[in-house]
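Undergrad: Same order as they appear, the protein sequences are chains A and B. The opening position of the first sequence corresponds to residue 1 in the working numbering, with each subsequent residue numbered one higher. The opening position of the second sequence corresponds to residue 477 in the working numbering, with each subsequent residue numbered one higher.
Take the hints with a grain of salt, since some may be wrong.
In the DSS-like style, the derived pairs of lysine-lysine whose C-alpha atoms are separated by at most 27 Å in a straight line are [what the hints assert, rightly or not]:
| # | chain 1 | residue 1 | chain 2 | residue 2 |
| --- | --- | --- | --- | --- |
| 1 | A | K391 | A | K444 |
| 2 | B | K524 | A | K88 |
| 3 | A | K130 | A | K53 |
| 4 | A | K457 | A | K446 |
| 5 | A | K130 | B | K551 |
| 6 | A | K462 | A | K388 |
| 7 | A | K462 | A | K475 |
| 8 | A | K88 | B | K487 |
| 9 | A | K458 | A | K410 |
| 10 | B | K559 | A | K130 |
| 11 | B | K500 | A | K18 |
| 12 | A | K130 | A | K203 |
| 13 | A | K88 | B | K551 |
| 14 | A | K446 | A | K410 |
| 15 | A | K203 | A | K104 |
| 16 | A | K466 | A | K410 |
| 17 | A | K474 | A | K444 |
| 18 | A | K466 | A | K391 |
| 19 | A | K115 | A | K104 |
| 20 | A | K130 | A | K164 |
| 21 | A | K18 | A | K164 |
| 22 | B | K487 | A | K79 |
| 23 | A | K203 | A | K164 |
| 24 | B | K487 | A | K215 |
| 25 | B | K500 | A | K88 |
For the record, the hints were derived by calculation from the structure and aren't laboratory data.
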Amino acid sequence: MEWETVIGLEVHAQLATKTKIFSGAAIAYGAAPNTQACAIDLGLPGVLPVLNKACVSMAIKFGLSTQCAIAPRSVFARKNYFYPDLPKGYQISQFELPIVHGGKLDVQQEDGSIKTIGITRAHLEEDAGKSLHEDFHGMSGIDFNRTGTPLLEIVSEPDMRCAKEAVAYLKALHALVTYLEICDGNMQEGSFRCDANVSVRPKGQKEFGTRTETKNVNSFRFVERAINYEVERQIQVLESGGTINQETLLFDAAKGETRPMRSKEEANDYRYFPDPDLLPVIIEQQQIDSIQQTMPELPWEKQHRFQQQYGLSQYDANVLISNKALSEYFETTLEQTDSDAKLVANWIMGDLAAFLNKNNLSIEESPVSAENLAGLIKRISDNTISGKIAKTVFEAMWQGEGDADTVIEKHGLKQITDDSAIVAIIDQVIAESPQQLEQYRAGKDKLFGYFVGQVMKKTQGKANPKQVNELLRKKL
Amino acid sequence: MSAITPDEVAKVAHLARIAMSDDKLSEYTQSLSSTLELVQQMQQVDTKGVTPMAHPLDTIQPQRSDHVTEGDFSKAINQMAPKIEANLFLVPQVIE
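Isolated chain A, as found in the complex (with noise of 0.2 Å):
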């Protein structure tokens, strides 16, 4: 039988304030346990929680740029159930009044096309704290500082088909909340994270199969594997006769499979109920206006314009708008050199980028700078430098050994393109080589090839290939 595959996701996005979403602890990541957990945090009798500015303004320009509708009410809710890093016994959430809902986002698909992924809701909610698994003589330790930290929770609608679209809907989800500087999209950190609601039917048929929820992924990488696995093993359950369980499950990355959460095996029932302590929130129209007049260049609307106004491709404008660090890395590279944009380009989805993914590193984190890596394309520009030569340069660069000028001086890498130069070590190949020389003029033209590399031999690759090539076809 054909199986359809039906995806929707819920994404976690840790919200970029400095402080907790209804108290003033700070939310810095790193500290010290519980040391950024206060009196309201962790539920103590008295307290009242305060909403935070910061995230209501945050939901906003997410509900804007996804044209979603901003609910001019909405209503906080307490999400009650029992774990230890729960320290009130209830998450505040927002149920049935969310902030923002009803919008759409376009995802450029690998082969370039459009789909559109509806936004069901976005709402505020408050995460939980951390428990610790390791070394505590058979107990678990938990952090409270993570608690209360603000958390958007977007929601898409059932509208993936496969693994890859719900990868590219993720990447594109994840451009976006950085561009809008909402979230700093750290997933190793855990602030950028992701449900999959996965489940599969009959092709053709119209209603949904039973889907399951697996939890907490937290790279691209890992949601593409587990979604394949999780399909994989809905289509062998249901086509040996089973049935799928509605369930709750965890990516167990090491093993490559989904596994059920134990803890979540009975029936979630969380008894909504708006939370007293907080009253309706009110977003005035003035405050959406004023937030629309400060939205940033969007990611689709920066890959338009580096079309446009750099002559990009398609493909390279969307590899170098995903991050937003990395379109400002070319923008930055580009403005210091005079080259054209496809050069610019090739070199950081390139060379730059296969190091950077060599070396586990982020392009914030690259050891050459933008200043760098423009410095050594000008010398490609110029000539001084071949592109051969210009990967080792920017090895060295990458190396630390300083800026492309004084790599180049350094080991003497500059291109020799003063032709009696090459011509006095073409004729000195010449002579070394009388044998294939003979064979060469009685017809063995591949040996052309042979002349070309004891020249650039000679020369350690510094000789202009092109010239190389002209002067030695006069000489032989």
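Fit chain B to the given chain A structure using the hints.
TA: Same frame as chain A, now just chain B:
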């Protein structure tokens, strides 16, 4: 028929992590039922077109500016915990 069954009371008690003996279960079923019957009466009222009330106070949520106003209270809060190690609260193990 009572407004809530003993099974439902047992389930709510379980969700709230409240241990309940059988005597107590029937006692609570009765008293909760009488309260819920009042609610049932109120549900007869036609509320079409009435905005659900989220709060009895007719006022709106004040918002604070995003400034750090709290500090490190770990010394004080640690004193409330039965067991602390490495500044973490220790609890019976929860493993996923």
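Undergrad: K88(A) and K487(B): Cα distance at most 27 Å?
TA: Distance ~20 Å between K88(A) and K487(B) Cα, so the pair holds.
Undergrad: Are the Cα positions of K18(A) and K164(A) separated by 27 Å at most?
TA: violated, 34 Å
Undergrad: Decide if the proposed pair is consistent with the structure: K457(A) and K446(A), CA atoms, cutoff 27 Å inclusive.
TA: holds, 18 Å
Undergrad: When you check the alpha-carbon spacing of K130(A) and K551(B), does it fall within 27 Å?
TA: Distance of about 19 Å is within 27 Å: holds.
Undergrad: K130(A) and K203(A): Cα distance at most 27 Å?
TA: It is violated: about 41 Å lies between the C-alpha atoms, which goes past 27 Å.
Undergrad: Run the distance test for K466(A) versus K410(A): straight-line Cα separation, threshold 27 Å.
TA: holds, 25 Å
Undergrad: Holds or violated: K462(A) and K475(A), Cα atoms, limit 27 Å.
TA: holds, 20 Å
Undergrad: Holds or violated: are the alpha carbons of K130(A) and K164(A) at most 27 Å from each other?
TA: The given pair, whose Cα atoms are some 31 Å apart, is violated under the 27 Å limit.
Undergrad: Below or equal to 27 Å on CA atoms is what counts here, so check K559(B) against K130(A).
TA: holds, 17 Å
Undergrad: So if I understand the rule, the pair passes when the alpha-carbon distance is 27 Å or less; does K203(A) with K164(A) pass?
TA: The hint holds at about 18 Å.
Undergrad: Would the hint linking K391(A) and K444(A) be met if the CA-CA limit is 27 Å?
TA: Roughly 33 Å separates the two Cα atoms, so the pair is violated.
Undergrad: Mind checking the alpha carbons of K203(A) and K104(A) for me, to see if they're no more than 27 Å apart?
TA: holds, 25 Å
Hints 1, 2, 11, 12, 14, 20, 21, counting from the list given before, are not met by this structure.
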